[in-house]
Every structure is written in structure tokens, then in C-alpha cells.
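*Asks:* The residues making up each chain are set out below.
Number of protein chains: 2
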Amino acid sequence: MKGISHPALDDISLENVCQALTDPVRIEIVGRLAKMSEATCSVLNAGRPKSSMSHHYRVLRDSGLICTRTRGTTHFNALRRAELDARFPGLLDALLKAMAVDADGEAKYEASPRSSTIPI
Amino acid sequence: MKGISHPALDDISLENVCQALTDPVRIEIVGRLAKMSEATCSVLNAGRPKSSMSHHYRVLRDSGLICTRTRGTTHFNALRRAELDARFPGLLDALLKAMAVDADGEAKYEASPRSSTIPI
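Taken in order, these protein sequences are the chains called U and H. Each number in our numbering corresponds to the 1-based position in the first sequence with 52 added. Each number in our numbering corresponds to the 1-based position in the second sequence with 52 added.
Bear in mind the hints are in silico, worked out from the structure with no lab data behind them. Since this is a predicted model, take the numbers as computed values, not measurements. Hints are supplied without guarantee of correctness; some may be wrong.
The list makes no distinction among identical chains, and a pair is therefore deemed to hold if it is satisfied within one copy or across any two copies.
What the hints assert, rightly or not - Pairs of lysine to aspartate or glutamate residues, derived as EDC-like cross-links and limited to a Cα-Cα distance of at most 16 Å, are as follows:
id	residue 1	residue 2
1	K160	D62
2	K102	D137
3	K149	E67
4	K160	D63
Build the full structure now, drawing on both the sequences and the hints.
*Replies:* As C-alpha cells, this is what we get:
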């Protein structure tokens with residue numbers, strides 16, 4: 053794929069996978085891709101600036117978590133689920149479950165904030 | 053514990069756990085602690101400078117991966133295995149398995165390096 057490279061299975065390291073998941077935007081992208089076969093950048097960007105999002109896709113690709121294919125000028129992204137499962141059995145599932153726990157915690161926090169304003 | 057704090061279970065995030073595992077020294081510490089109930093810093097440091105190692109223990113503690121107790125001037129470190137299992141079921145086991153895969157790959161690589169020197 054012109055200009056877009058993906059690491060070979062044996063070159064995917066835990067260190068790089070973890071590095072990719074140190075950012076909430078990248079965690080969100082992985083979580084969303086887990087629910088669909090593939091998605092375009094414009095869908096995943098959800099209105100965020102293309103310039104900063106490009107960096108996130110590159111980090112995710114370099115880690116081995118996602119792959120990107122192009123058709124014309126459109127990029128389609130997908131989780132490298134089968135390959136990750138082969139490389140690190142059980143890891144992706146455990147990470148996705150952990151993301152759900154974190155997201156659930158954040159939803160609860162937003163529903164009942166610890167600090168509240170006094171109603172006028 | 054004087055001067056040593058640990059995050060509460062609900063404050064352990066996937067992002068911080070991943071951040072802690074972006075460094076090979078910290079990955080090694082977690083991998084070693086998985087094989088023992090607890091270990092002193094001097095055992096885990098394995099001759100590396102105490103000054104740089106202190107940072108690694110702090111990052112690991114702040115992520116929720118390890119806890120540290122003191123007795124006199126000695127620090128004893130342990131994985132927060134039960135708590136992590138409660139917070140993110142299956143994650144620690146999957147991470148430890150992934151570490152073993154990576155370590156196995158490195159061992160194979162060292163046994164048969166891709167580049168070799170020409171014997172004189």
C-alpha cells in the first residue's frame with residue numbers, strides 16, 4: 053500500500069501496543085473499530101482536525117493494532133483482530149473489556165458528578 | 053504508607069496501565085513480580101542505578117500495577133493482582149502472556165541474530 057506500512061506479525065510488540073493505548077483518542081478509535089468491520093477516517097474523526105488525527109492512525113498502525121487500506125482518496129481502517137489474537141492470545145479481548153470498564157466508569161461519573169453547583 | 057501513595061481501585065485506568073508498560077524495564081519488573089509474591093527494590097534493580105529505577109517504581113505504582121510496602125528502609129514490591137483482576141478481568145493475565153511471547157521472541161532473536169560478523 054503506497055505510503056502506508058504495517059508491521060509484520062512478529063514485529064508487533066506489547067510495548068508498542070501499550071504505547072498506542074496511552075491516548076484516549078486512540079483508545080476510542082480501537083473501541084469503535086471493535087464494533088465494526090472497518091471505518092473511514094472521516095467517520096472515526098467525528099469532526100476532529102484531520103491533521104492531529106493522522107498522527108493517531110499512524111501510531112495505531114505502527115503498533116499493529118489497526119490496518120489501513122485505501123480506495124481512491126478514502127482510507128478504510130480495521131482492527132488487525134485475527135493477527136493480534138495469533139500474536140498475543142486473549143490480549144485484544146482483555147483490552148476491549150478494560151476499555152468498556154473505563155467507559156462505563158466515565159459515564160457514571162458524568163451522570164453523577166462529585167462536585168455540583170448550588171441551584172439558584 | 054509515608055510518602056508512598058497508591059491509586060484506589062476505581063481510579064486505575066487502562067490508559068495509565070498501558071503508559072506504565074511502554075518501557076522495557078517496567079515490563080521486566082512486572083514480569084518478574086508475576087513469578088513471586090513480592091520483591092525488594094534491590095533484587096529487582098539487578099544492579100541498575102537506584103535513581104532511575106525509583107522513577108519506574110513510581111510509574112508502576114501510579115498506574116495501579118504494583119504496590120510497595122516499607123519495612124525500615126527496605127521497600128517490598130508486589131503486583132496488585134487481585135485488585136487488577138477485579139478492575140479489569142483477564143487483563144493482567146493477557147499482558148503477562150504477551151510479555152512471555154515478546155521475551156520468547158527476543159530469546160530466539162538473540163540465539164540466531166539476523167546480522168552476523170565475519171569471523172577473523
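*Asks:* Compare the structure with each hint and give your call.
*Replies:* Each hint, compared with the structure:
| no. | hint | in the structure |
| --- | --- | --- |
| 1 | K160 / D62 | between (39 Å within a copy, 12 Å between copies) |
| 2 | K102 / D137 | neither (30 Å within a copy, 37 Å between copies) |
| 3 | K149 / E67 | between (19 Å within a copy, 13 Å between copies) |
| 4 | K160 / D63 | between (38 Å within a copy, 13 Å between copies) |
Comparing the model with each earlier hint shows a violation of hint 2 alone; every other hint is respected.
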